[in-house]
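Engineer: In order, the protein sequences belong to chains X and D. For the first sequence, the positions run 601 to 936 when the numbering used here is used. For the second sequence, the positions run 1067 to 1250 when the numbering used here is used.
Mixed in with the good hints, there may be bad ones.
Subject to a maximum C-alpha distance of 20 Å in a straight line, what follows is the list of computed EDC-like cross-link-like pairs (lysine to aspartate or glutamate) [what the hints assert, rightly or not]: (1) K662/X x D1183/D; (2) K673/X x D1183/D; (3) K665/X x E1149/D; (4) K1182/D x E678/X; (5) K1246/D x E899/X; (6) K1181/D x E663/X.
These aren't lab readings, by the way, just hints derived from the structure by calculation. In this text the structure is predicted, and so the values were computed from the model without any measurement.
Chain by chain, the residues run as shown.
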Amino acid sequence: MLRRQGTNLPGGRLTGATWKHWILSMARSLPPGLQESCVVAGVEKVDIGFPYYRTSRIKEVKERKQLVKENRKNAELERASRLRTLKLSLDHVQEIWEKTSGPFHIKKMAEHYGVFRDLFPMAHFLPQVPLRICYSQDTSAQVYYGNRLTPTEAASVPQISFEAEEGSLWTLMLTCPDEHLLDNEAEYVHWLVGNIPGGAVQAGEELCHYLPPFPPRGTGFHRYVYVLFKQEGRIDFQEDARPTPCYSLADRSFKTIDFYRKHQDDMTPAGVAFFQSQWDESVTNTFHTTLNMREPVFEFSRPPVYHPPQVKFPHRQPLRYLDRYRDGKEHSYGIY
Amino acid sequence: MAFSVRLLLGQIQRCRPIVAINQTARCLSQAAPQPEPSADENESVNPTFVNRNPRNLELLALAVKERGWKTIWPRREFYHRLEFSRTKNYVTANVFSSSSAVPVLTCSTTEWALKKDLYSTNCVSACEAVGQVLAHRCHQAGITRMVFRTVPWIYRSDAVQSFRTALKEGGITLSEPRRKFVST
Chain X
601 MLRRQGTNLP
611 GGRLTGATWK
621 HWILSMARSL
631 PPGLQESCVV
641 AGVEKVDIGF
651 PYYRTSRIKE
661 VKERKQLVKE
671 NRKNAELERA
681 SRLRTLKLSL
691 DHVQEIWEKT
701 SGPFHIKKMA
711 EHYGVFRDLF
721 PMAHFLPQVP
731 LRICYSQDTS
741 AQVYYGNRLT
751 PTEAASVPQI
761 SFEAEEGSLW
771 TLMLTCPDEH
781 LLDNEAEYVH
791 WLVGNIPGGA
801 VQAGEELCHY
811 LPPFPPRGTG
821 FHRYVYVLFK
831 QEGRIDFQED
841 ARPTPCYSLA
851 DRSFKTIDFY
861 RKHQDDMTPA
871 GVAFFQSQWD
881 ESVTNTFHTT
891 LNMREPVFEF
901 SRPPVYHPPQ
911 VKFPHRQPLR
921 YLDRYRDGKE
931 HSYGIY
Chain D
1067 MAFSVRLLLG
1077 QIQRCRPIVA
1087 INQTARCLSQ
1097 AAPQPEPSAD
1107 ENESVNPTFV
1117 NRNPRNLELL
1127 ALAVKERGWK
1137 TIWPRREFYH
1147 RLEFSRTKNY
1157 VTANVFSSSS
1167 AVPVLTCSTT
1177 EWALKKDLYS
1187 TNCVSACEAV
1197 GQVLAHRCHQ
1207 AGITRMVFRT
1217 VPWIYRSDAV
1227 QSFRTALKEG
1237 GITLSEPRRK
1247 FVST
């Protein structure tokens, strides 16, 4: 008597080979991100930032409940809500967001943009210190977490402000992991300031002066990442100090992970902000005048077309099936 | 996905600035030989350039969209998708990317930042507020185009309509650019 490989049991349950076939086809149909999460993760990532301490939850909940109760008693708020005229103040919301769930959202965005993967491989941190970076006097060209700015807007040194207590020392770094013209895994450092006392970046030791962004034409959007490190004491940055002025790209080649490994006992990453930038005319000027080189222009070339592994007896395939595996030699179709 | 490019060696001209009083300004072209004896370090460029930014191809509309799934709803042909859900007490809006199961951006009335200023966390004004704040956050994150798919009887409700208008007034476009197909 022949045994069936798998069965559909009454009640809709699958068994044996049917179950295996179903689960494999289900797993293959999922998008790549979900597929990875289904597979057991190999190496765990290290948390290199400050631990997140919460204030007393009981008190916080009590206070918040009180405020919500007061809101419910407020007749004006109720009328505005009922008549749909209620408008929130976005600045106020932003302020409270920065203190409460801001760091977690910024960390998620940094992971989405691959900032941790490229700058700190196998590590991540929670950016607990909110960084405010403005390129212009008004808030039109501010750096958040992934917004688009032009190299013209980012040409000059920005105004930076962050909460810092008296006597604390910080390091600020601006890198671009996508710009390197020779090595794919390296970055270019655009600005490096160490031993910043309190919140005053001007009073810090400028190890590498500011270089405006220069994304080459045709390469698309590059990420420019600001990382803020909190120092435990004064650090001697003699090895990292670049000569002023530094316009040699070989000198500006940088790897954040090596820089961090050298000083990891004395400093911890505390804040991150990044923006994206594309080519515009000011980049041509940067290449010609500042960097004194010819401007490279690139063109997109898409990856080669995928063909599944060749089979000896391809079922229901046309004669040009063989041409797909002939490695670009003369095709045989079109002559029939 | 890696973004590899070929270096175009076209007719790129450059004028050197006057370095010293004795030297005159010279215009160098690609074809003319380099008169300087020392090789310029900055000039060396890898002919294949790979941009590691995972969002670069999406922004240029060159990234692959998951085609297919045409016999079921919803489709998966997008770069970023917006999901709006109303539960009994709260309103949540999530932005997902095509490659992740975890939302990339969230805005919800469970957050204290919104709860503090609202009368009720699940009414139409709450939906509008969520739309405004999400539009603000999407601009800060650089995601301005996404796809929003709901069933018609939910789409027609006042809550979803006010959420949608709040997003559009915030500057988000609820459609995505068509993918560009480049030969070779």
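Engineer: Taking the hints in turn, state whether each one holds.
Structural biologist: Hints, verified against the model:
1. K662/X x D1183/D: Distance ~17 Å between K662/X and D1183/D Cα, so the pair holds.
2. K673/X x D1183/D: Holds - the C-alpha atoms of D1183/D and K673/X are around 13 Å apart, at most 20 Å.
3. K665/X x E1149/D: Distance ~29 Å between K665/X and E1149/D Cα, so the pair is violated.
4. K1182/D x E678/X: Judged against 20 Å, a Cα distance of about 14 Å means the pair holds.
5. K1246/D x E899/X: holds (14 Å)
6. K1181/D x E663/X: Between K1181/D and E663/X the Cα gap is close to 13 Å, so the pair holds against 20 Å.
Hint 3 from the list above is the single one not met by this structure.
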